[in-house]
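Colleague: Listed here are the chains, written in short residue letters.
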Amino acid sequence: MSNYFEIKDLKINFETSEGIKNVIDINELNLHKGETFGIVGESGSGKSVLAMSILRILSSPPALIKSGKIMFKGKNLLELKEKEIQKIRGKEISMIFQDPRSTLNPVFTVGQQIINVIRHNKFLSKKEAEKEALRMIKLVKLPDAKNTLHKYPNELSGGQRQRIIIAIALSCGAELLIADEPTRNLDVTIQAGILKLINELKEELEITVLFIANNVNLVFIVSGRVAVLYKGKIIEIGTSQEIREEPIHPYTRGLLGIVSPAEREIKNLTEANLKEGIKAENSICPYFYECKKRIEICKKISPTLTKVKVNNGHWVSCHRVIDREVDNESTSIGH
Amino acid sequence: MNQPALVIKNLKKYFPVYSGFPPRVKNWIKAVDGVTLNIKKGETLGIVGESGCGKSTLVNTILRLEEPTSGEVALEGQDIFRLNKKEVAKLRKEIQIVFQDPFWSLNPRWLIKDIVGEPLRVHFNLSSGEILSKVEKLLGMVGIPKIALYKYPHEFSGGERQRIAIARALALEPNFVILDEPTSSIDVFSQNQILKLLKKLKEEFNLTYILISHDLSVVKSMADKIAIMYLGKVVEYGPAKKVFESPAHPYTNALFKAIPDANTKDINSIIALEGEVPSAINIPSGCRFHTRCPVAREICHKEEPPVIKLSEEHEAVCFLLKKGERGESWL
Amino acid sequence: MSKKSNYYNILIKRRLETLKEYLYLLKQNKLTFAALIIILFLIVIAIIAPIIVPFPSHIYGAVNPQDKLLSPSWTYLFGTDEMGRDLFSRILYGTRISLLGSLIAVAMGLLIGVPLGLMAGFYGGFIDELVMRIVDMFLSFPPLLLAMAIAAFLGPSLQNAIIALIVSWWPWYTRLIRGQVVSIKEREFVRAARAIGTPSWQIMYKHILPNCISPVIVQASMDLGGIILTLAALSFLGLGAQAPIPEWGLIVNTSRTYFLKAWWYGIFPGMAIFIAVLCFNLLGDGLREVLDPKTKKY
Numbered sequence: 000m001s002n003y004f005e006i007k008d009l010k011i012n013f014e015t016s017e018g019i020k021n022v023i024d025i026n027e028l029n030l031h032k033g034e035t036f037g038i039v040g041e042s043g044s045g046k047s048v049l050a051m052s053i054l055r056i057l058s059s060p061p062a063l064i065k066s067g068k069i070m071f072k073g074k075n076l077l078e079l080k081e082k083e084i085q086k087i088r089g090k091e092i093s094m095i096f097q098d099p100r101s102t103l104n105p106v107f108t109v110g111q112q113i114i115n116v117i118r119h120n121k122f123l124s125k126k127e128a129e130k131e132a133l134r135m136i137k138l139v140k141l142p143d144a145k146n147t148l149h150k151y152p153n154e155l156s157g158g159q160r161q162r163i164i165i166a167i168a169l170s171c172g173a174e175l176l177i178a179d180e181p182t183r184n185l186d187v188t189i190q191a192g193i194l195k196l197i198n199e200l201k202e203e204l205e206i207t208v209l210f211i212a213n214n215v216n217l218v219f220i221v222s223g224r225v226a227v228l229y230k231g232k233i234i235e236i237g238t239s240q241e242i243r244e245e246p247i248h249p250y251t252r253g254l255l256g257i258v259s260p261a262e263r264e265i266k267n268l269t270e271a272n273l274k275e276g277i278k279a280e281n282s283i284c285p286y287f288y289e290c291k292k293r294i295e296i297c298k299k300i301s302p303t304l305t306k307v308k309v310n311n312g313h314w315v316s317c318h319r320v321i322d323r324e325v326d327n328e329s330t331s332i333g334h
Numbered sequence: 000m001n002q003p004a005l006v007i008k009n010l011k012k013y014f015p016v017y018s019g020f021p022p023r024v025k026n027w028i029k030a031v032d033g034v035t036l037n038i039k040k041g042e043t044l045g046i047v048g049e050s051g052c053g054k055s056t057l058v059n060t061i062l063r064l065e066e067p068t069s070g071e072v073a074l075e076g077q078d079i080f081r082l083n084k085k086e087v088a089k090l091r092k093e094i095q096i097v098f099q100d101p102f103w104s105l106n107p108r109w110l111i112k113d114i115v116g117e118p119l120r121v122h123f124n125l126s127s128g129e130i131l132s133k134v135e136k137l138l139g140m141v142g143i144p145k146i147a148l149y150k151y152p153h154e155f156s157g158g159e160r161q162r163i164a165i166a167r168a169l170a171l172e173p174n175f176v177i178l179d180e181p182t183s184s185i186d187v188f189s190q191n192q193i194l195k196l197l198k199k200l201k202e203e204f205n206l207t208y209i210l211i212s213h214d215l216s217v218v219k220s221m222a223d224k225i226a227i228m229y230l231g232k233v234v235e236y237g238p239a240k241k242v243f244e245s246p247a248h249p250y251t252n253a254l255f256k257a258i259p260d261a262n263t264k265d266i267n268s269i270i271a272l273e274g275e276v277p278s279a280i281n282i283p284s285g286c287r288f289h290t291r292c293p294v295a296r297e298i299c300h301k302e303e304p305p306v307i308k309l310s311e312e313h314e315a316v317c318f319l320l321k322k323g324e325r326g327e328s329w330l
Numbered sequence: 000m001s002k003k004s005n006y007y008n009i010l011i012k013r014r015l016e017t018l019k020e021y022l023y024l025l026k027q028n029k030l031t032f033a034a035l036i037i038i039l040f041l042i043v044i045a046i047i048a049p050i051i052v053p054f055p056s057h058i059y060g061a062v063n064p065q066d067k068l069l070s071p072s073w074t075y076l077f078g079t080d081e082m083g084r085d086l087f088s089r090i091l092y093g094t095r096i097s098l099l100g101s102l103i104a105v106a107m108g109l110l111i112g113v114p115l116g117l118m119a120g121f122y123g124g125f126i127d128e129l130v131m132r133i134v135d136m137f138l139s140f141p142p143l144l145l146a147m148a149i150a151a152f153l154g155p156s157l158q159n160a161i162i163a164l165i166v167s168w169w170p171w172y173t174r175l176i177r178g179q180v181v182s183i184k185e186r187e188f189v190r191a192a193r194a195i196g197t198p199s200w201q202i203m204y205k206h207i208l209p210n211c212i213s214p215v216i217v218q219a220s221m222d223l224g225g226i227i228l229t230l231a232a233l234s235f236l237g238l239g240a241q242a243p244i245p246e247w248g249l250i251v252n253t254s255r256t257y258f259l260k261a262w263w264y265g266i267f268p269g270m271a272i273f274i275a276v277l278c279f280n281l282l283g284d285g286l287r288e289v290l291d292p293k294t295k296k297y
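Chains as they are written, first to last, in numbering that gives the first Met the number 0: chain H, 0 to 334; chain Z, 0 to 330; chain C, 0 to 297.
Just chain H, same shape as in the assembly:
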């Protein structure tokens, strides 16, 4: 079933001026081959750290991968030597980022940049590489491919640049694409085009996509299954449909705009609110301070992922679910 891609017991810490902060604490995350898996997380949730840790491009220090495994096709990516992971980057797992302007080198034409990547990873002659580059540009549905090859990044628009980045990422046959906020800086009409492109390419090339964004609606329409990330922990996971129909965790509900009457009041911040965020410890639920539904136990133990219903893939990390009997009836936390 799924031993294609698996994250187990991953704990990543960061050295900050205020001590060591835990940034990622994920017990289990599996990807099935060929699916689009979405991760919803706001800034500070650790989603970019997670994405970068897969390809081992975190700078450490200040990041410290304390423990855990990231299994890809049977190999633990965290244990590979630099040379071995180099072979995986680009050829098996590829990544695209949020800002197309800074990912492309302004002094080379986009054609050259694609060709450079191709020739670095495959043994092709210059002519063959150029043909491949042309094919990739057509694949990402850029019009007038021949002329585009010779354009510099600043001659292209934001959406066109992002397509080039996708072309580069997929040029060497990667089968897993990590997309970290690929449409963040793009206009909405262009964003729609990029999302559709990623979807089409996924079907055409039969790749697996890990789609990370902070806009929950975006992630839902693109992904089959979704995990919600909060302060480095997965607090809810399931298919888009399940979570949309029945979001359980108070944070997820907040993201979807389902705001309880209590939350409709304007929060007047107190001194306590302004103090620095707590270093996430295992003795408290990460969402404790924000949660309006918390109970005594939430302060004492960090909840673990529990199944919401038997026989489906919807899991939530909340004590109020653990408390209840898990049965075939819908689990509501009395909203």
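Treat the hints as calculated values from the structure; they're not laboratory data.
Just so you know, these numbers come straight off a predicted model, no measurement behind them.
Heads up, the beta-carbon is just placed ideally off N, CA and C, and yes, glycines get one too.
Some clues are possibly wrong.
What the hints assert, rightly or not - Derived lysine to aspartate or glutamate pairs resembling DMTMM-like cross-links, with alpha carbons at most 25 Å apart:
| no. | chain 1 | residue 1 | chain 2 | residue 2 |
| --- | --- | --- | --- | --- |
| 1 | H | Lys-145 | Z | Glu-275 |
| 2 | C | Lys-26 | C | Glu-185 |
| 3 | Z | Lys-8 | Z | Glu-314 |
| 4 | C | Lys-26 | H | Glu-14 |
| 5 | H | Lys-20 | Z | Glu-154 |
| 6 | H | Lys-65 | H | Glu-14 |
| 7 | Z | Lys-145 | Z | Asp-100 |
| 8 | C | Lys-184 | Z | Glu-154 |
| 9 | H | Lys-291 | Z | Asp-186 |
| 10 | H | Lys-201 | Z | Asp-265 |
| 11 | Z | Lys-256 | Z | Asp-214 |
| 12 | Z | Lys-145 | C | Glu-16 |
| 13 | C | Lys-205 | Z | Glu-135 |
| 14 | C | Lys-26 | Z | Glu-154 |
| 15 | Z | Lys-133 | C | Glu-187 |
| 16 | H | Lys-195 | Z | Asp-265 |
| 17 | H | Lys-140 | Z | Glu-273 |
| 18 | H | Lys-201 | Z | Glu-273 |
| 19 | C | Lys-19 | H | Glu-14 |
| 20 | C | Lys-205 | Z | Glu-154 |
| 21 | H | Lys-201 | H | Glu-34 |
| 22 | Z | Lys-264 | H | Asp-179 |
| 23 | Z | Lys-11 | C | Glu-288 |
| 24 | Z | Lys-256 | H | Glu-241 |
| 25 | Z | Lys-264 | H | Glu-205 |
| 26 | C | Lys-12 | Z | Glu-135 |
| 27 | H | Lys-32 | H | Glu-241 |
| 28 | H | Lys-137 | H | Glu-241 |
| 29 | Z | Lys-92 | Z | Glu-71 |
| 30 | C | Lys-12 | Z | Glu-129 |
| 31 | H | Lys-125 | H | Glu-91 |
| 32 | C | Lys-184 | Z | Glu-93 |
| 33 | H | Lys-145 | H | Glu-127 |
| 34 | H | Lys-140 | H | Glu-91 |
| 35 | H | Lys-195 | Z | Asp-100 |
| 36 | C | Lys-184 | Z | Glu-66 |
What the hints assert, rightly or not - Sample of chain Z residues at the chain H side, in silico, Cβ under 8 Å:
| no. | residue |
| --- | --- |
| 37 | Glu-49 |
| 38 | Thr-68 |
| 39 | Asp-186 |
| 40 | Phe-188 |
Given chain H, work out where chains Z and C should sit, using these hints.
Modeller: Okay, now just chains Z and C, sitting in the frame of chain H:
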């Protein structure tokens, strides 16, 4: 009687492009190319548009940070470009702005008390003690505790910084506040808070808002009227409810359909427009949207479309509309 | 307690906190910290030099022919020169001259260069063109050559050498600041200040300057060392301090003739120059580390 408090008449702002030696003006960037809007006191006008539509330039011009190439802007009857120094100072007290980026809109090297107190120091001759009490009061209005006075911006989260920016904007007790993407750089939860706060302040002080946002849920929740901008012109304008229910212009339609919301089923429900936004130097002939319009006709290439009044206050700029009725369904 | 005094107290506390943070970061780098200590030590020496010098009369005049060219001993720690003057006293006193001279040069250079850079960057257009072309002209000369030319033109003396250095150095600061200003003035807090109606000079000095002062501070600290070196070079070439001023470079110059006979003559002033310049360079480097990650927070 609700007289228009802010009148923008056929405003144009072109930026010259120099080339050659000696440098000569070869071309113009037509950032704002004839915008006419009337805003009534107490209203919230939402301006929606993508990058390159001219909304930032429009805002800069209304604030008098840029001189217009032609056209006029009248605040409560007075042409803001024909003011003497004293009157310009008064203008600053009338109309203020909250920026999009809560990080960089506050000077990172200044203490909060200085940031919020700056407008007071520039315009009034108050003692530091008086300024301090006023600042405390302002922060209180936006729900920020006293202890923030001696802190730096980087010690706050995005939502908190935005509140501070709002406090600063209100220091001079303006009647008009321009909100430039006030919630796009902050997390979802703080967004709600900020919107509620803005609504409350509007009620309390009878403010008029110009709200710029690409987030339709924000515009939906706050705006009375909305104007859709494309490449320097307003292509549709009307009461928010009406425009959302039945968008008339093809671009408005495409814009609304491109944004996923809680009801979007899947990826096939969102619409992507072909092509890219043309450069503001080379504005397409005829209707400037014709290069990407899914229903463009012959005439759209050749002539600029007229303003069609669809109802009392709802109008759009498109050939395919007839007076009083919507054209065919677009997409 | 009145509101005003309360306000001052908290303000001072806050400023002190920030200072403590900086010092803590500075201490992290052992080398930089050592350099800082040595520089403080040199400053103390410079201040109390007239008091602690063993042979005050030897600083300028007092020829003492019977003790000429003696190698280092307990009486004459660094030996004596050809006029029998104690080199230790002279070099110790020279600290004053070098440090004071470089401080004046750097301070004046900043006083001229920074406002020009601010104005050029902020106003742009014609002012920018004018200032930057003048800066370009100055910067096309190798600094030492330029200083030499000016010093030669004005006539060789310590004061003129310092003037020459000020004239050669200010353009660096202008260029450094102007680049920063151009990017900072697009920042939203500057737009905000303009929308509030803040007058331009306030925007330049209160908003923009605090945000671009870091690289200038780093450069200025390194320049303190660089100027000591260039001042010494000018004196070495005869264009700076003239006898009998105990400027380090001049002492090195005079030592040339007696190089083979009296090794101590050139080595000690040379080492003094070396230590001072090295420490300022290290300090500048360390400051760059300290000021950078802090700005990264922004």
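Colleague: Now tell me if each hint is right for this structure.
Modeller: Quick rundown of the hints versus the structure:
1. H:Lys-145 - Z:Glu-275: holds, 18 Å
2. C:Lys-26 - C:Glu-185: violated, 35 Å
3. Z:Lys-8 - Z:Glu-314: Holds - the C-alpha atoms of Z:Glu-314 and Z:Lys-8 are around 16 Å apart, at most 25 Å.
4. C:Lys-26 - H:Glu-14: Holds: C:Lys-26 and H:Glu-14 sit about 18 Å apart, inside 25 Å.
5. H:Lys-20 - Z:Glu-154: Roughly 17 Å separates the two Cα atoms, so the pair holds.
6. H:Lys-65 - H:Glu-14: Holds, at roughly 12 Å.
7. Z:Lys-145 - Z:Asp-100: Status holds; Cα separation ~23 Å.
8. C:Lys-184 - Z:Glu-154: It holds: about 23 Å lies between the C-alpha atoms, which stays within 25 Å.
9. H:Lys-291 - Z:Asp-186: holds, 18 Å
10. H:Lys-201 - Z:Asp-265: holds, 15 Å
11. Z:Lys-256 - Z:Asp-214: holds, 13 Å
12. Z:Lys-145 - C:Glu-16: holds, 19 Å
13. C:Lys-205 - Z:Glu-135: holds, 22 Å
14. C:Lys-26 - Z:Glu-154: Holds, at about 24 Å.
15. Z:Lys-133 - C:Glu-187: holds, 24 Å
16. H:Lys-195 - Z:Asp-265: OK: H:Lys-195 and Z:Asp-265 at ~11 Å, within 25 Å.
17. H:Lys-140 - Z:Glu-273: holds, 11 Å
18. H:Lys-201 - Z:Glu-273: holds, 21 Å
19. C:Lys-19 - H:Glu-14: The given pair, whose Cα atoms are some 20 Å apart, holds under the 25 Å limit.
20. C:Lys-205 - Z:Glu-154: Within the cut-off at roughly 21 Å; holds.
21. H:Lys-201 - H:Glu-34: Within the cut-off at roughly 8 Å; holds.
22. Z:Lys-264 - H:Asp-179: Holds, because 22 Å separates the two Cα atoms, which is no more than 25 Å.
23. Z:Lys-11 - C:Glu-288: violated, 48 Å
24. Z:Lys-256 - H:Glu-241: holds, 24 Å
25. Z:Lys-264 - H:Glu-205: holds, 23 Å
26. C:Lys-12 - Z:Glu-135: holds, 19 Å
27. H:Lys-32 - H:Glu-241: Since the Cα atoms of H:Lys-32 and H:Glu-241 sit roughly 20 Å apart, the hinted pair holds (cutoff 25 Å).
28. H:Lys-137 - H:Glu-241: Distance ~36 Å between H:Lys-137 and H:Glu-241 Cα, so the pair is violated.
29. Z:Lys-92 - Z:Glu-71: Cα-Cα ~20 Å, so holds.
30. C:Lys-12 - Z:Glu-129: holds, 21 Å
31. H:Lys-125 - H:Glu-91: The hint holds at about 23 Å.
32. C:Lys-184 - Z:Glu-93: holds, 24 Å
33. H:Lys-145 - H:Glu-127: holds, 14 Å
34. H:Lys-140 - H:Glu-91: holds, 23 Å
35. H:Lys-195 - Z:Asp-100: violated, 29 Å
36. C:Lys-184 - Z:Glu-66: Holds. C:Lys-184 to Z:Glu-66 sits at ~18 Å (cutoff 25 Å).
37. Glu-49: holds, 4 Å
38. Thr-68: violated, 25 Å
39. Asp-186: With Cβ-Cβ at 5 Å, under 8 Å, it holds.
40. Phe-188: Status holds, d = 6 Å.
Going through the hint list in order, the structure does not satisfy hints 2, 23, 28, 35, 38.
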